[in-house]
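Order-wise, the sequence lines are chains A and B.
For reference, each letter of the first sequence is one residue, going 234 to 527 in the working numbering.
For reference, each letter of the second sequence is one residue, going 62 to 408 in the working numbering.
Mixed in with the good hints, there may be bad ones.
Straight-line Cα separation of at most 30 angstroms, DSSO-like style, residue types lysine-lysine; simulated pairs [what the hints assert, rightly or not]:
| no. | chain 1 | residue 1 | chain 2 | residue 2 |
| --- | --- | --- | --- | --- |
| 1 | A | LYS265 | B | LYS135 |
| 2 | B | LYS125 | B | LYS139 |
| 3 | B | LYS129 | B | LYS92 |
| 4 | B | LYS135 | B | LYS207 |
| 5 | B | LYS139 | A | LYS301 |
| 6 | B | LYS129 | B | LYS207 |
| 7 | B | LYS139 | B | LYS129 |
| 8 | B | LYS139 | A | LYS265 |
| 9 | B | LYS139 | B | LYS207 |
No wet-lab data here; the hints were simulated from the structure.
Please read these numbers as outputs of a predicted model, since none were measured by experiment.
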Amino acid sequence: MFTGSMLFTTFVILLGAGGVYLLLPHRHGQAKTQTVYIAGAVLAGLGLVGFLSFLSAPADLDLSQLDKLLSAVFFYSFSASALGCGVMTVTSRNPIYSALWFAGVVLSTAGLFLLAGAQFLAAGTVIVYAGAIIVTFLFVIMLAQMEGKAVYDRSARTPGAAVLTCFLLLGALVVCLVDTRFAPVGANTPGQPRNPQTFLPRGRELAEVHQLHPTNLQRIALAHALRSTSSIYTESKQEKPDVAGLGESLYADHLLTVELAGSLLFAALIAAVAITNPKRPVRPGDPEPIGTSV
Amino acid sequence: MLLVIGIVLKILIVVAISQGTVAYLILVERKVAAYAQDRIGPNRAGSEFGIPFALLQPLADGAKMLLKEDVVPKYVTKPLYILAPWIAITAAMIGFAVVPFGPVGPDQIINFQIAPNVNIGILYVFAVGSLAVYGVILAGWASNNKYAFIGALRSSAQLISYEMPLGMSILGMVLIAGSLDLSTIVDWQDRHVWGVFVQPLGFILFFVSAFAETNRLPFDLPESEQELVGGFHTEYSAMKFGMFFLGEYLHVITVSYLTVILFFGGWDLPYFLDAEQTGLISAIVKVGVLLIKVGLVILFIMWIRWTLPRFRYDQLMDLAWKSMIPLALVNLVATAAIVQLIRTYWV
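The shape of chain B in the complex, shown without the other chains (with noise of 0.2 angstroms):
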């Protein structure tokens, strides 16, 4: 019973606080922009109570989402329209309940990790990312509009190409730390090295794919403004829109942390913390490492927005299945031949 209680609790804060995050996070994007093309960005709501650095922003964003009219076209396929954004929403929440949070074990006072002992956990993340295309394309061909319609044929290409070099960047790390649970990845880089040292490539071709997956620029030809007027929501409005775009941001947030947990220790901080500590101080202290870690990617990954220009589609196409699938695969079968090695002649 209380295990029940405990589990229904930390879903509760994580949906909580990865929305609140998300709408924040649209404040930081909005900051950072205005800092890359030079102008100041929003800095006013909140100022009359006193509140600095506009904190209110995101409040007056949802209330706008919420106040607008919400327009649902006469010509739409009206089940498909209204189940899309749905489905963008949740492919995009239930990836966090394997997602470990802190550190996770037996010994740990509180486990970080909504659903602990999943031992295929990298494998839910991508089970769980796949049916994101759904609501794309849902979304793209019940809108009954060409724009839509090509922004949403477009992004499920996408999708499916770099969802392989994604899927097999990652497989080196999993052969060599001998697990898919993400928490015995973490344990296997506080043992040992950082994956980003040991995994140089699959780390650029995981963080490459990652941004073609959360359909960030420079891959962001789905809604590519200029051409297809927003892509495969070009139909929505109001909080239908906010939804494509929560969904997004969550992405963004849920492929930070993966990029961490793979390739950046998790909560480790070598020196300072191991996986011996298991006291409640360093668990919070631990949290608050991976947390910071997590917000650099995020940032990372805005500043590269307004860093590249976008490819054009076929480059987009030929960038997947003709240098990052050969690369990924010359990848695996290197980790795998060095992993073989090692376990036959040295240890």
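Here chain A stands alone, though its shape is the one from the complex (with noise of 0.2 angstroms):
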């Protein structure tokens, strides 16, 4: 579209991906030198400030205004900590602050979540990650160098092809980004009055169309396919308080993928308590197992 800007971009993302490479932990496990760190937090700090030449302010944003100003700032801090604990997750050598980084990402996250609005979001991700599943990594690593650093801990594996791919990835995105800018925008923004051109059906408005369909077979059989569930809108086209609106969403648009879930990680659990080791573990005051005496 843009020649212009599109070589930009492309620069912009090759220092970005230049300077991440030189970050990356050495492939064997080796320390770099500082001056390579310094050259590539340089590069990728350019690469960042680069990025920052594509953001505009907001049409609506109004500085005069104390909310707005603050949730800018709330907004741009939170995504600022969000992509530099990205970047310090995957180039620290030492896995415990890996793992402590990712829950910085996952903590600013939520913040943005929160900013969106998405309340149930963000205290879900905190909850399930930050409060669960990076414990338990902490957990494992921090029991798995009772004896010193391993090297494979420290060492990247394939830096080169990593890199490689999701800077590719996140030209492609930002490609689109680009593009979908000019695109016309509003279909289906909350609050707004819907854009009958860019508007997108929900399953009970089709339905509902579909009542007054000619043929009664057709009628029938699309009645069956399109019930009328639910919808994430009351029936004054208020937006519902969002646990409720996300229960109803889950148990009644998407009943199926529900379901689907939760037999898969059934499965799973099932399959954890057949392969874990049924032996019971001796316990003081137990009478001693037979064969173990000295």
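Join the two chains into one complex using the hints; note that each chain is given alone, in its own frame.
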């Protein structure tokens, strides 16, 4: 579309990729010199600054209003900390620090969710990722390294290929974003009157239209296929509160998906129980097992 | 602008009051311990100035924490060693953002809550509470000390295990009240009955897991002095140790608030107070009622400390995984079934 900006984008992405490649741990776990790290940090920082130039303030940004100013400040600080923590996650040589930086990424993302009004998603992310999964990571990492750090923990596996793939993906994303910036906006923005050209109909609305279909057979088939389930909007076209809306759409619109995920998890649970060693632990006060006494 | 100033003021007041309360709770705890062991306890700090009941003892305790030598051992992982107490205290502090300290609603003069209209209130408290384990696990690992490390491992296993019954035990109350917002749950109890009467099993499970989550006796295995010389905070001294201590007491306060709000009607006093009273005086009375209830729960928690002996570690794990989680599941399914039946046939 705009060849100039495309070239600039490519250049910025290459800068970022080069920087991250230099920052990544050595392939065989050896230490890199400080110059390399400084060069990598400078390149990656330049790439980040280049990306900042793509950003333009939102159209309704009015810095005289304190709440808008505050949310803008929070948005940029959460985004910056998410990106920074992300880079630190992949480039740290100590897996403990990697896990902690990852916790930082999760927390910043939760903050962004909160700013977007997705409160349940924010709390869920913190509980599931920061509260459970990363703690388990830390647990395993700390237990696994009782006798000093292992080489495989300090080394990066194929850093070049990884950086190349990731930044190709990033390039594709940026090109898509630049394209959509000029596309018509405002499909299904909550709170706004719906734009009939870009309006994405939900199952229930399709069913309502086809209630008036002339052929009776088709109407019955459609009514069965598109059961009037739920909607995130109430009767008066207001958004439902987060949790109620989420619950209804999960258990009405996406019931099959939820059931499938549940069955998969249940199968995994049974497998975990089956492959765990069922040997009974020896506890204080138990009679001593036969054959172990010296 | 006025709104922002109000919020900042509220945050400052809540932080100041809760920190001050923690100092005096330590005094109360020492007094309760003394009564339980038939001795006198702290009784003279301040008597020179004519102040009774050793009311200056918290100041003396605080000064001691601040003035002691702050030892940082040579072989610790320094950044994490310093970060851990900060995480402990921050995680304990920010949970207060959604706890209602009194009546909350659009027609109230003052909203006694830092962040009103958070419709996931209780989830937020749990999300923040689940971050507290970082303080413990990092402190134990960064100390580079086997006792501290074992303490941290024990503690994180305990915290993760008891988070599940804790979360599941409140779901019954959430189902009945139909909201995750703490003030809505209080309103429901005001209009009907206190939660402890409709969810007795849920209350017991919640309270027991709350003990485990706050590392209070009989679940204080992470710092069992006899075997682990203090557990995860063995290597901490002076104010860094004090911060862990402070964080623990803040957790006790949060848990007491949650207990009162979820199961004992919050600011509700049957036949005297109800949601329609919105004047300033009734608001202050309601805050007083809530505070008295919270104080009673805290006293009960301290009383338990000197009543029950400590669990063995495998007993602790068995209790969580083999008794409390199944019971919480049964409670949840039964509540869901009953609520569904009532909604279908009686309402």
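message = Against the 30 angstroms threshold, does the CA-CA distance of LYS265 (chain A) and LYS135 (chain B) hold or violate the hint?
response = holds, 26 angstroms
ask   = Keeping to a limit of 30 angstroms between CA atoms, is the pair of LYS129 (chain B) and LYS92 (chain B) held or broken?
value = Holds, at roughly 24 angstroms.
query = Are the Cα positions of LYS139 (chain B) and LYS207 (chain B) separated by 30 angstroms at most?
reply = Holds, at about 17 angstroms.
Hint consistency between LYS139 (chain B) and LYS301 (chain A) [alpha-carbon to alpha-carbon, up to 30 angstroms] = violated, 39 angstroms
message = Between the alpha carbons of LYS139 (chain B) and LYS129 (chain B), is the straight-line distance 30 angstroms or under?
response = Holds, because 20 angstroms separates the two Cα atoms, which is no more than 30 angstroms.
request  = Given the hint that LYS139 (chain B) pairs with LYS265 (chain A), test it: the Cα-Cα distance must not exceed 30 angstroms.
outcome  = Measuring from Cα to Cα gives roughly 22 angstroms; hence the hint holds.
request  = With a cut-off of 30 angstroms on the C-alpha distance, tell me whether LYS129 (chain B) and LYS207 (chain B) pass.
outcome  = holds, 25 angstroms
30 angstroms limit on alpha-carbon distance, applied to hinted pair LYS125 (chain B) and LYS139 (chain B) = holds, 24 angstroms
ask   = Is it true that the CA of LYS135 (chain B) sits at most 30 angstroms from the CA of LYS207 (chain B)?
value = holds, 15 angstroms
This entry does not satisfy hint 5, going by the numbered hints stated previously; all others are met.
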